[in-house]
Every structure is written in C-alpha cells, then in structure tokens.
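So for the sequence shown, the UniProt record's numbering puts the first residue at 1; every next one is plus one.
By construction, these hints were calculated from the structure, which means they are not laboratory data.
Do not take every clue at face value.
[What the hints assert, rightly or not] Derived lysine-lysine pairs resembling DSS-like cross-links, with alpha carbons at most 27 angstroms apart: (1) K66 x K41; (2) K66 x K127; (3) K66 x K103; (4) K41 x K67; (5) K67 x K103; (6) K41 x K75; (7) K127 x K113; (8) K127 x K41; (9) K113 x K66; (10) K103 x K127; (11) K127 x K75; (12) K113 x K75; (13) K41 x K113; (14) K75 x K103; (15) K113 x K67; (16) K113 x K103; (17) K127 x K67.
[As the list claims (entries may be wrong)] With beta-carbon atoms standing in for the labels, derived distance ranges: (18) R132 x T24: 31 to 41 angstroms; (19) D11 x K41: 13 to 23 angstroms; (20) T5 x V120: 21 to 31 angstroms; (21) S18 x N47: 21 to 31 angstroms; (22) P51 x G21: 14 to 24 angstroms.
Beta carbons: idealized from backbone N, C-alpha and C, even for Gly.
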Amino acid sequence: MRYLTEQDYIDINEFVVSEVGGTTFGVQSQESLEVVVEIAKIEYFGNEMYPTIYSKAAIILQKITKKHVFQDGNKRTSYESAKIFLEDNGYFQDTSLTVPEIKEFVLQVTNSKDSEEVTVIIAEWFKRHFHRL
1 MRYLTEQDYI DINEFVVSEV GGTTFGVQSQ ESLEVVVEIA KIEYFGNEMY
51 PTIYSKAAII LQKITKKHVF QDGNKRTSYE SAKIFLEDNG YFQDTSLTVP
101 EIKEFVLQVT NSKDSEEVTV IIAEWFKRHF HRL
C-alpha cells in the first residue's frame, strides 16, 4: 500500500490552489497535517483502524476538510488527495462522475459532523465511484 507523504499533501495543495484558484497555498496547521499523514495507517493491537482502501481514502478526505490543514483549498485538496491515494493503489474514478457531483459530495462532508459514522458514509461513496482496474 502506498501512502501519501507530508510533501505529497503540500504539493497537492499548491497545485489545486495555483491551478483552480485561491488566495494562498501552504500549511495552516502542521499538527493537523501530521494527523492526516498518519491516520490512515493507525493500528491497534495489530488491527488497522481503517482496514479498507475506501475507509483510508475517506478518513484522508474527512480530516483535511475538517481540520483545515491548509490556508486555502482544503475541500479541493481533500478530494484530490483521496483520489490520488486511491489511484496510487490501483483504484480509479468512474468516468461518469461529474465535477458538480464531486463538489456537492465534498460540501456535504464539510457540513457534516466529524464522526466515524460520516467516515463510513464517505467510504461507501468512494466504493461506489472508484474501482480497481
């Protein structure tokens, strides 16, 4: 399994802010970034807290969005980070998925509670829209 590094997340944020628009890129909370880098890998007594590829992508998206890791572009960075994580591990987005659908989904995550129940909902969404090739 390939996990994104701290530098990967920073580069993704710089890309989305530079390419899509925004005021400034860069880390707002180093502590939150460190949480994002490690959270998908957490194990308790040898059991992964997020055992599926989809739950790992879900927690990445959720934590970037909720913890406001970056100065700008957190929603876009969260989705692109989860997407790149999935792609790096052989899972690709359905071509039928539209940008408005993605934006609506990420906005719903932004407006939801930061809870395990929401993580499960996000993981299910990724499972419907990303498939192994």
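Status of each hint after checking the structure:
Pair hint K66 plus K41 holds up; C-alpha atoms about 19 angstroms apart against a cutoff of 27 angstroms. For the given pair, K66 sits about 21 angstroms from K127 by alpha-carbon distance, which is consistent with the 27 angstroms threshold. Taking the CA atoms of K66 and K103, the gap is about 15 angstroms. The hint holds against a cut of 27 angstroms. About 18 angstroms separates the Cα atoms of K41 and K67, which keeps this hinted pair within 27 angstroms; it holds.
Straight-line distance between C-alpha atoms of K67 and K103 comes to about 18 angstroms, which keeps the hinted pair within the 27 angstroms bound. Restraint check for K41 and K75: satisfied, since their Cα atoms lie roughly 22 angstroms apart, inside the 27 angstroms limit. Among the hinted pairs, K127 with K113 is consistent with the structure: their alpha-carbon atoms are about 21 angstroms apart, no more than 27 angstroms. Straight-line distance between C-alpha atoms of K127 and K41 comes to about 19 angstroms, which keeps the hinted pair within the 27 angstroms bound.
Between K113 and K66, the direct Cα distance comes to roughly 9 angstroms. Compliance with the 27 angstroms bound is thereby established for this hinted pair. Between the alpha carbons of K103 and K127 the distance comes to roughly 17 angstroms, so the proposed pair stays at or under 27 angstroms and holds. Under the criterion of a C-alpha separation no larger than 27 angstroms, the hint pairing K127 with K75 is consistent with the structure, at around 19 angstroms. This hinted pair checks out: K113 and K75 have alpha carbons roughly 15 angstroms apart, not beyond 27 angstroms.
This hinted pair checks out: K41 and K113 have alpha carbons roughly 22 angstroms apart, not beyond 27 angstroms. Restraint check for K75 and K103: the C-alpha separation of about 9 angstroms stays at or below 27 angstroms, so the hint holds. Using a Cα cut-off of 27 angstroms, the hinted pair K113 and K67 holds, with the two alpha carbons roughly 12 angstroms apart. For the hint linking K113 to K103, the alpha-carbon distance of about 18 angstroms falls within 27 angstroms, and the restraint holds.
Only pairs whose Cα atoms come within 27 angstroms are accepted, and K127 paired with K67 is accepted, the gap being roughly 24 angstroms. Hint check: R132 to T24, Cβ distance near 37 angstroms, so the stated range 31 to 41 angstroms holds. Range check, D11 to K41: about 19 angstroms between beta-carbon atoms, so the 13 to 23 angstroms window is met. Between T5 and V120 the C-beta distance comes to about 26 angstroms, which sits within the given range of 21 to 31 angstroms.
Separation of S18 from N47 is about 40 angstroms and departs from the stated range, judged on CB atoms against 21 to 31 angstroms. A hinted range of 14 to 24 angstroms for the beta carbons of P51 and G21 is inconsistent with their spacing of about 37 angstroms.
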